[in-house]
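Peer 1: If you want the building blocks of each chain, they are given just below.
Protein chains: 2
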Amino acid sequence: MHASLSLKPALDAIGNAIDQRFDRLLPVPDDPRGRLYEAMRYCAIGGGKRMRPLLVVAACDLFHVDKERALRVAIAVECIHCYSLIHDDLPCMDDDDMRRGKPTLHKEYGEAAAVLAGDALHALAFEVLADEATHEDPFVRSELVFELARASGPVGMAGGQMMDLVAESEVFDLPTTTRLQQLKTGALISFCLEAGAIMGRVGDSQRKRLRGYAKDLGLAFQIADDVLDVEGDSARTGKAVRKDEEAGKATFVSLLGLDRAKQQAEMLIDQAIGHLNGFGQEADLLRAIARFAIERDR
Amino acid sequence: MHASLSLKPALDAIGNAIDQRFDRLLPVPDDPRGRLYEAMRYCAIGGGKRMRPLLVVAACDLFHVDKERALRVAIAVECIHCYSLIHDDLPCMDDDDMRRGKPTLHKEYGEAAAVLAGDALHALAFEVLADEATHEDPFVRSELVFELARASGPVGMAGGQMMDLVAESEVFDLPTTTRLQQLKTGALISFCLEAGAIMGRVGDSQRKRLRGYAKDLGLAFQIADDVLDVEGDSARTGKAVRKDEEAGKATFVSLLGLDRAKQQAEMLIDQAIGHLNGFGQEADLLRAIARFAIERDR
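As you go down the protein sequences, you meet chains D and R in turn. Under our numbering, think of the first position of the first sequence as 1, with each following residue one higher. Under our numbering, think of the first position of the second sequence as 1, with each following residue one higher.
Treat each hint with caution, since some may be false.
Pairs involving identical chains hold if they fit within one copy or between any two copies, as the list cannot separate such chains.
With a straight-line Cα cutoff of 20 Å, these simulated SDA-like cross-link-like pairs (lysine to any residue) come out [to be verified]:
1) LYS249 to ASP31
2) LYS107 to ASP95
3) LYS107 to PRO91
4) LYS107 to VAL166
5) LYS107 to CYS92
6) LYS107 to LEU255
7) LYS107 to SER169
8) LYS249 to ARG35
9) LYS243 to GLY280
10) LYS262 to MET98
11) LYS102 to GLY238
12) LYS107 to GLU245
13) LYS107 to ARG69
14) LYS107 to MET93
Hints in this document: simulated from the structure, not taken from any laboratory. Please read all numbers here as calculations on a predicted model, not as lab measurements.
Kindly produce the complete structure, drawing on both the sequences and the hints.
Peer 2: Quick look at the structure:
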């Protein structure tokens, strides 16, 4: 069966679970702050593949971590992902008009509200993780906060985004482009897997395997994005395509050519799945996600 | 003695301590991420009154909390404060050219770098608080993260900033303006005091007093800011003045008049100091800060 088909029920389920939790988490207050909550909801609810939340849940499944605990972390990751998309789409950044098939937040609510909604989702991620009311062990809570802050901060995503800015005026080679993507998208994907290990309280060897999986998956995912940027159409992807090419930025496709880029992605996915060899069928979801990463059309 | 004079040694000491720690925390990497670190340093080092860090240290002094522990939280608060100033100054927000006597970050590094540097400082705050290497108790770490995330997120600072945006098109009355300021600046000031109570592991009654002090101080501080905005000159304050008036926003001065605004600030400071009655001379620094809040000229 085609990987994206076998994954569809899992993607639908996580999409609903995340929407439901954001809906509860973001009730619109009847005062001048209401617009902030509306803007946050506009981005957080009803959009995206929810790939990162699914990875968190799949990693937690490996160690039989309770579903509610996993979903809490999944929400925090998705807060970070949403905030990064909002800020990334701003006119001073990538200047995108469309995202997930609808106008970007600043197009709909204005730039100032977009900056603020991004900031608010950023803070919310850490509030969700650190909340004592969750009855999560305080050590686990603070470890999750620490790892997510590293994954999204200057040594992670924000550092990668700065490299991406620099890439507009310098043409990066393959190692630098790889490093850029490992920070920009890879660090947060790694956190998703790491979260399973933290909550499952597993040892270093299992953690190392998950890190290996995450690294290969993240890179393959990005190569597939670059391929989609060339081959895809914006009606399906829900966002503008061929933007990197226009900006003169190096991509895996421009560096490797289309065919070698696709081969490289496939090789990485085989390698990612190889890291799961020590696990049984409890890792089937992670295997399916890996195959989906390069077979998707959006 | 004039309060700002008696406070000067404490302000100088905290300024140096914070600069030193930011310097260590933000070494510039020799790769394309370097520009991000330079931008973060541009804002974080060598500027501002460091009022919030001083409040953290003063609150920790009440309960004999170790200085290094207090400074760690002070750094986290200043990360949040700096990021909020960077995003606030953006063209799509307040569009300010000068801050702390030098060009604002987006003027010097461009808007995209300013968005990213703000985001990176935001994440860094939580990384600093949650770091296991600090040997802080995990329960304390996650409580600090939770309270700081609330203070800066949609139910705190970000919510207040959204109200401030709405204030450009609606004229707020006194209760709404008070609420706006309690969220926009008051929530983070409250966190500074609360942090002392969390780290000192003190009971509810002392916590309540500190919250009372913070609430009155925060409001008085904002009223004094509004007064400075009318009476001050930009050479001293290091930023543009009379911006609120030009934007047609309600301020405490426009709502109360200059004289009543000053009286109100003085009354609030007396009240703030009153909350400290149960404490001895270990609260002298908090008393001096309260007096300084309305006697400063920047």
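Peer 1: Against each hint, give a clear statement of whether it holds in the structure.
Peer 2: Each hint tested on the structure:
| no. | hint | result |
| --- | --- | --- |
| 1 | LYS249 to ASP31 | between (44 Å within a copy, 17 Å between copies) |
| 2 | LYS107 to ASP95 | both (10 Å within a copy, 19 Å between copies) |
| 3 | LYS107 to PRO91 | both (10 Å within a copy, 16 Å between copies) |
| 4 | LYS107 to VAL166 | between (25 Å within a copy, 17 Å between copies) |
| 5 | LYS107 to CYS92 | both (13 Å within a copy, 13 Å between copies) |
| 6 | LYS107 to LEU255 | neither (33 Å within a copy, 34 Å between copies) |
| 7 | LYS107 to SER169 | between (27 Å within a copy, 19 Å between copies) |
| 8 | LYS249 to ARG35 | between (36 Å within a copy, 18 Å between copies) |
| 9 | LYS243 to GLY280 | neither (41 Å within a copy, 64 Å between copies) |
| 10 | LYS262 to MET98 | neither (26 Å within a copy, 49 Å between copies) |
| 11 | LYS102 to GLY238 | within (7 Å within a copy, 42 Å between copies) |
| 12 | LYS107 to GLU245 | neither (23 Å within a copy, 28 Å between copies) |
| 13 | LYS107 to ARG69 | neither (35 Å within a copy, 44 Å between copies) |
| 14 | LYS107 to MET93 | both (14 Å within a copy, 15 Å between copies) |
Hints 6, 9, 10, 12, 13, counting from the list given before, are not met by this structure.
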